[in-house]
Each structure stands twice: as C-alpha cells, then as structure tokens.
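My request is simple: use the sequences and hints to build the entire structure.
Chains as they are written, first to last, in the working numbering: chain B, 1 to 165; chain L, 1 to 413.
By construction, these hints were calculated from the structure, which means they are not laboratory data. This one's a predicted model, so the numbers in the text were calculated from it and none came from an experiment. Any given hint might turn out to be false.
[As the list claims (entries may be wrong)] Okay, the calculated bits of chain L under chain B, using three or more residues with CB under 8 Å as the criterion:
#1 340-350
#2 356-367
[Stated by the list, open to error] If you want the footprint, here are the derived chain B segments under chain L, 3+ residues with CB under 8 Å:
#3 56-66
#4 78-85
#5 141-153
Even for Gly, the Cβ is constructed at its ideal location relative to N, Cα and C.
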Amino acid sequence: MPSASVMSELRAEVETFLYEEAELLDSWRLNEWVELFTEDAISHVPALDDPNRDPAQSVFLVADDLVRIRSRVRQLLGDTAWAENPRSQTRRLITNVRITATDGDIVRATANFLVHRCRMERISTFAGQYQYKLVRHGASFKIAERRAILAQDTLRPQGIMSIIV
Amino acid sequence: MDTGGPLGPNSAQALFHDDPQAGIFRFSPKVYSDPELFQREMRRIFDRSWLYAGHESEVPKAGDFLTRRVGGRPLLIVRGNDNRIRVFHNSCRHRGAMVCRHPSGNAKNFQCFYHYWSYDNQGRLIGVPGKEAYGPGFKTEEMGLYEVRLQNYRGWLFACFSRETESLEDYLAGARDYLDMILDQDEDGNAILPGTHEYSMHANWKLLMENTVDIYHLNSTHSRFMYDYLPNVLGLTPPDPRTANAGAVSPKDLGNGHVVIEYRKFSGIADEAKRKTWEARLGKERATRMLDYTRTLVLFPNTLYIEQRRVIRTCFPLAPDHAEITAWPLMPVVDDPAVRKQRLDIYLSFLGPAGHATPDDVEVMELIQKNCATLPEDAFIECSRGLLREHPQPSDELQMRIFWRRWRDLIAA
Chain B
1 MPSASVMSEL
11 RAEVETFLYE
21 EAELLDSWRL
31 NEWVELFTED
41 AISHVPALDD
51 PNRDPAQSVF
61 LVADDLVRIR
71 SRVRQLLGDT
81 AWAENPRSQT
91 RRLITNVRIT
101 ATDGDIVRAT
111 ANFLVHRCRM
121 ERISTFAGQY
131 QYKLVRHGAS
141 FKIAERRAIL
151 AQDTLRPQGI
161 MSIIV
Chain L
1 MDTGGPLGPN
11 SAQALFHDDP
21 QAGIFRFSPK
31 VYSDPELFQR
41 EMRRIFDRSW
51 LYAGHESEVP
61 KAGDFLTRRV
71 GGRPLLIVRG
81 NDNRIRVFHN
91 SCRHRGAMVC
101 RHPSGNAKNF
111 QCFYHYWSYD
121 NQGRLIGVPG
131 KEAYGPGFKT
141 EEMGLYEVRL
151 QNYRGWLFAC
161 FSRETESLED
171 YLAGARDYLD
181 MILDQDEDGN
191 AILPGTHEYS
201 MHANWKLLME
211 NTVDIYHLNS
221 THSRFMYDYL
231 PNVLGLTPPD
241 PRTANAGAVS
251 PKDLGNGHVV
261 IEYRKFSGIA
271 DEAKRKTWEA
281 RLGKERATRM
291 LDYTRTLVLF
301 PNTLYIEQRR
311 VIRTCFPLAP
321 DHAEITAWPL
331 MPVVDDPAVR
341 KQRLDIYLSF
351 LGPAGHATPD
361 DVEVMELIQK
371 NCATLPEDAF
381 IECSRGLLRE
391 HPQPSDELQM
401 RIFWRRWRDL
411 IAA
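Listed below in structure tokens is the structure:
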C-alpha cells in the first residue's frame, strides 16, 4: 500500500474528479459527462435486494455499457424524454470518499451520495454508495466502472428513477 | 362496508356513455379518482377476484417463503415441509401482528416476537408461552394462521379472498388458451429471475391496465425508445405505424374481463431454431402464431403478461390516486446465454423503472390523474377508437372497452 501522504493526495484527486462529475450531472452537461467514460465502461444500478448479482442472469435497474450510456444521454437531452421534460433540478452531495484499492493506473474508490431531485412540485431523494473503478488519464481519470448501490429496499417511495443517479 | 352509498345502485352505469350505433364509448374521469368507487372496487373486485400472488419457482424448496401485499393484504406464501404451497394472512392469531417480516427466505417456523407465539411452515400454531393460562375453549388446532384460497395454474399462484368465487380455471375462461400458448414456448419450464422491480405511481391502477395494451401511444409517448434505443442500441427497425397493423389479429374478449392483443413481433427474440419442432409438436398454425406473433394478456383485474418482454406485472391500488407496480421477468429455465442477455436488455430498457419507456408512461398517467378529479361535471374520457371497424386493430381501443364493460358490470352489480 502506498504511504499515507500519497493516499491522501490520491483521495483528494479522486474527490475533485467526483465533484466535477457531480457538477456535470447536476447542470445537465451530459455530453461532457459521457466523455468521462472509457470505451469499455459500464454504468450499473444493481437490484435493491442484492447488489452483487450478475446482470446477465438477474434484473438490474440500470445495466448500461458505453453504447447504452450514450443512448440514455441522447434521449435525456432530446425533447421526447417526457419524464424529464421539463427537466428535474438535482443537487448531489458526495461524501465519505475512500480509496479501496490501487493497482498501477487503476484506482478503486467508494463514496456516499445523496441526490436531491425536484420536479413539478415533488421532491425525491436517492441515497447510497458509489463504487468506482477509475483509470488514470493524463492529469485526471476516466471511469471504467460506475456502480450506484441504492440504500433502500424498493423504489416505491420515489415511484420511478428517470434521472441519472 | 359496502352500502351502495350516495352513488346509488345504478350510478356506475351512468358513468359511461356507451352508444355502439354512434360509435361512441366514453366515461367519466371519476372512475379514476372517486373515493367511493375506490371502496367499491376493493370490495367487489379485489375481494372477489383471483389475484396473481407469485410463482412457484420463487419457493422451490420446503420452507421457502415470500411475504407480499396482495389486494392490500399482507400475505405469507410458504412451501410447507409437506411440499405443499399455502398462502396465509401474515398475522398472528393472538394480537394480529405480522409473524414474518422478511421479504423472502427459508424457515421451519415463524415466530411472532410480541409474545413468542409460533407457527410451523404449514401454518399450524405450535408454540404458546404459558399455555396453561387458557381455558378448555382455546383449541390450538383451531388457531393456525388464517389461510387464503390458493390455486396454481402451471406455476402461477393465484390467491382469492372469497369462498364464493368460481375455480381459477373457470375464472380464467378463454385466457387459459393464451396462457398455454405462452407457457408452451418453454419446453423445459420457466422461472422468475431475481431482482424484482417494485415501484409506484401517483395515479389510478386502471390507467396501467389500459396503458399496457395501448398500442396507439407507442410512437408518441415512446418516441425516444422507438427512434433511439431500438435502432441505435438494439439494431432493430422501428415499425412503421402506417403498416404495423398488417396481419394483426383483433383484440379478443376472453371472458370475465380478460383480454388479449396479438400482433406481429418487431423486437422479439429470434426463436427460428424452434420452428420445426414446434410445428411437429403443436401444428403449423399454432407454431406460426407462437413464433411470428406476440401477445399482451390482461387477466382481470390487475395482472398483465407482456410476452415480448417476458414479464408478469401487477398493479395494486393503494388509494384512488396511488398504485404499486411489481414486475417479474419469467425466463426459460434452459436458455442460450446470449439470448438471455438480449431478453433482459429488452425488458430492462423498456419496462424497467429506470428504463426508457416506463418513466414516460408513469409521467402521462400522473398527468391524467392530476386532472380527473377537477374537470367539469360532464367531462369525459374518450375511448371510442375503432369502435365501428369490422376488425378493430391492436392500435384501437376495443381492449380497453372490454376491460371497462366488465368493471362497470361488477361495480354496478
């Protein structure tokens, strides 16, 4: 394991990266957000009862690869994603950032999130943990894996999930 | 209690304007919002119908259990040590608390933590601390969990809260043939996959029954799925709305309010390899229908099977303007991994609560709900599409009218 000061510097870098990512999502700069992903990236929201299943053998809420992430973004930025037209206002709080593993250019990190969403007089929140696999890219990172593990047992309180959490 | 109330005995009829000569079928938006109609629905429909409660593949081993709300009632579905599946009210016979608070698992016994009364997995009361305090009138063998009627149709478990309702097979009427056509496609059986979608909407439950068999809205409400996800991700050509009805079968009244729409597959899974064996097993005509057409089945009141997405979906009312939706994919036990992946993709991308279609459906149903309690007294919902056609098409509204006529008859009765 690298020294404590290297780890704390790395954590600061990852925090900066995650804060920038959150800002892109909250300000609907989704075309810039897509550019954060590697070509072989995945973006998953697993099932609520067990986040560790195989998306090829069980049902997730979101199981996107890059082709699907791009489609999702095109749809959300278009004018026929009715559930997000008019768009939600969101603000996400990213905290408890931890580096869980490093291996060469690869950094694995977790963070807690609280996504506040308001649309048409209704407020909902999504809380949980992000699990990232980041890859060094110049002075910053690219996202190879992004998993949002929601800390709730069903989606009934919010109804549906039309935003990117 | 169902007193008939100020609506009066025949007022449900008055909610509808049903004039076949003029080609008109309309109804009051109150059917989605009126609290008294909601109470009648609970008593006259949900207390008397066979309701989909689960699938036997969810409780494969002795002791496997599920807890689930069905028709507004917390139930415990459990396969006993005698290998029989039973459904009980999830309620202790002492003071009424829920005896099992886990969504699923395996258990020999269920213990209520209030006073530690316990029941075996066949529902029998087996433990009462300090039992000597009870007199001779207290008979343990009469104090098992309250059992609910359960019938199993080829793995589908239905519960019914009324002793008077006909058998499940009679209740399903013409829908049985379509269930068979759907289930015969999986020679090696099928099973529910883990990861059930449980979500909700601030809208009336009946809106989802209509929406699920509404083909007319596909190219408008689901424009983004049809013209982005379908071609760009799945590599499929969206159907041309002008010709999509070619070869379509008219929506069919299957009796007791059940209805099916049947139309040509446009984004189904290629099952070509099966054509020869199915033709030999089931005959050419039936095999052709099973392979080249796809079906959406409404089992009255609130169970849906969407064959193209391979999903069983229920929608239970919580209030006139609030419903809970649950969706389970039913997949073949023996499945090619690449095909399985494609099936899951089609299901998730269209019907998932974070997919590219269901959020837009929920949006439009909630927009309808916002209006229906506040429109003028003589306002109506239009449901006449295709009424005068000799052969109504899936993009018409005959399937909704079949549902509504049954609903009207039960509510007015």
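Cross-check of the supplied hints:
Remark: the segment 340-350 of chain L is confirmed as covered by chain B, as 7 of its residues place a Cβ nearer than 8 Å to a Cβ of that chain, reaching the required three. Residues of the segment 356-367 of chain L with a Cβ under 8 Å from some Cβ of chain B number 7, which satisfies the need for three, so the listed coverage holds. By the rule of at least three residues with a Cβ nearer than 8 Å to a Cβ of chain L, the coverage given for the segment 56-66 of chain B holds, with 8 such residues. Given as covered by chain L, the segment 78-85 of chain B passes the check, having 6 residues with a CB less than 8 Å from a CB of that chain where 3 are the minimum.
Residues of the segment 141-153 of chain B with a Cβ under 8 Å from some Cβ of chain L number 1, which does not satisfy the need for three, so the listed coverage is violated.
In this structure, the one hint that does not hold is number 5.
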